[in-house]
Amino acid sequence: MGILSGKHLLVSGVLTKSSIAFHVAGLAQEQGADVTLTAYPRVSLVERLARLLPRPAAVIPLDVTDPESLAGLAERVGRHTGTLDGVLHSIAYAPPAALGGNFPGTGWPDVAATLHASTYSLHGLVTAVLPLLRSPGGSVVGLDFDASVAWPEYDWMGVAKSGLESCARYLAFYLGAQGIRVNLVAAGPLRTMAASNISRDGDGAGDFAALWHRRAPLGWDETNADPVARACVALFSDWFPATTGEIVHVDGGAHAVG
Amino acid sequence: MIQEVSGVPAAEVTSEKSIVDDLDVDSLSMVEIGIALEDRLGVQIAEDRLREISTINDLVDHIDHSLNGR
Chain G
0 MGILSGKHLL VSGVLTKSSI AFHVAGLAQE QGADVTLTAY PRVSLVERLA RLLPRPAAVI
60 PLDVTDPESL AGLAERVGRH TGTLDGVLHS IAYAPPAALG GNFPGTGWPD VAATLHASTY
120 SLHGLVTAVL PLLRSPGGSV VGLDFDASVA WPEYDWMGVA KSGLESCARY LAFYLGAQGI
180 RVNLVAAGPL RTMAASNISR DGDGAGDFAA LWHRRAPLGW DETNADPVAR ACVALFSDWF
240 PATTGEIVHV DGGAHAVG
Chain R
0 MIQEVSGVPA AEVTSEKSIV DDLDVDSLSM VEIGIALEDR LGVQIAEDRL REISTINDLV
60 DHIDHSLNGR
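Taken in order, these protein sequences are the chains called G and R. Residue 186 in numbering that gives the first Met the number 0 sits at position 187 of the first sequence; the count goes up by one each step and never skips. Residue 34 in numbering that gives the first Met the number 0 sits at position 35 of the second sequence; the count goes up by one each step and never skips.
The set of hints was computed from the structure by calculation and includes no laboratory data. It cannot be assumed that every hint is accurate.
As the list claims (entries may be wrong) - Label-pair restraints from in silico Cβ distances: (1) His64/R / Asp62/G: 37 to 45 Å; (2) Asp57/R / Thr80/G: 39 to 47 Å; (3) Thr13/R / Ser147/G: 51 to 59 Å; (4) Pro40/G / Ser17/R: 19 to 27 Å; (5) Pro108/G / Ser53/R: 28 to 36 Å; (6) Gly252/G / Thr13/R: 51 to 59 Å.
As the list claims (entries may be wrong) - Simulated coverage check for chain R against chain G, where a stretch passes if three residues somewhere in it have a Cβ under 8 Å from a Cβ of chain G: (7) 26 to 34; (8) 38 to 47.
Yeah, the Cβ is synthetic: ideal placement off N, Cα and C, and Gly gets one too.
Model the full assembly from the supplied sequences, consistent with the hints where possible.
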């Protein structure tokens, strides 16, 4: 019996074996959850990754920037489960022009693409599956990167994460009456494909990790996504019943020190 | 396997060709090729290493080293 026994989760953002979402999906299964994955842009890639998880997981195509794709999501997920106990939002995208030190020169189309995929997608994903989310008791967890300060080269993704944090608070506000919790996990830097695309030299995680090694009181291992996955699983469980609109920092404590 | 993942005809996959530039295989297809290799042959390619693999020759060398290093 794990802490997610009997729960069904929808997990977005599995793209490689290093994806935080891949670790969350695996750990959630080990804790007893049934998991359905969303896939974008390569369904075949996510299907291969699903086969590497401890237990089978259904795979559903989903483009969170496409209203038609979102409109059909509840029906597609509903084929696999009657209700959903939790949803993981692990989705972010910025065109190269919106990252890597080009902040003053980024035009609106690139900014709009960043905000659509990385901020508004939380609203889109949650409202799309709302008919299936257990009420009361449903839990939404989103992945964040501390947006309280500006970071080198993170640029418009930092703005998008600020918006994500606010969006999560508003969703918590509006869904609280239904007993649905909405929380974010602000992770320290991890070596994921997304991180490698932040900086022009392709070592965004390495640049941030050096900072974390100096600052994090608990230390930080940018190759280990397990602490982040554990926090997500805990938030999906029944052990945070009165917590919503929260940002849980899983960063070795770096956010707390100057 | 490259044909299966990327749709590039097997006849075009020759040793000297650049996977990205000549065969137009994108980074996500490379990730999928890496997972397919692990699935079929048990050969693991770290994602950092995957970015360093440029040609079909590089990929074959990596598989060769992995299989012979067992």
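Verification of the hints:
For His64/R and Asp62/G, the Cβ-Cβ distance of about 38 Å falls inside the hinted range of 37 to 45 Å, so the restraint holds. The hinted range of 39 to 47 Å is satisfied by Asp57/R and Thr80/G, whose Cβ atoms lie roughly 43 Å apart. Checked against the hint of 51 to 59 Å, the C-beta distance between Thr13/R and Ser147/G comes to roughly 52 Å, which is consistent with it. Judged by the Cβ atoms, the range 19 to 27 Å given for Pro40/G and Ser17/R holds: they are separated by roughly 23 Å.
Restraint check, Pro108/G to Ser53/R: a C-beta distance of roughly 32 Å satisfies the suggested window 28 to 36 Å. The hinted range of 51 to 59 Å is satisfied by Gly252/G and Thr13/R, whose Cβ atoms lie roughly 52 Å apart. Check result for the stretch 26 to 34 of chain R against chain G: holds, 6 residues qualifying (beta carbon to beta carbon below 8 Å, three or more required). Residue count for the stretch 38 to 47 of chain R with a Cβ under 8 Å from a Cβ of chain G: 3. That meets the three needed, and the coverage hint holds.
In summary, the structure agrees with every hint in the numbered list given earlier.
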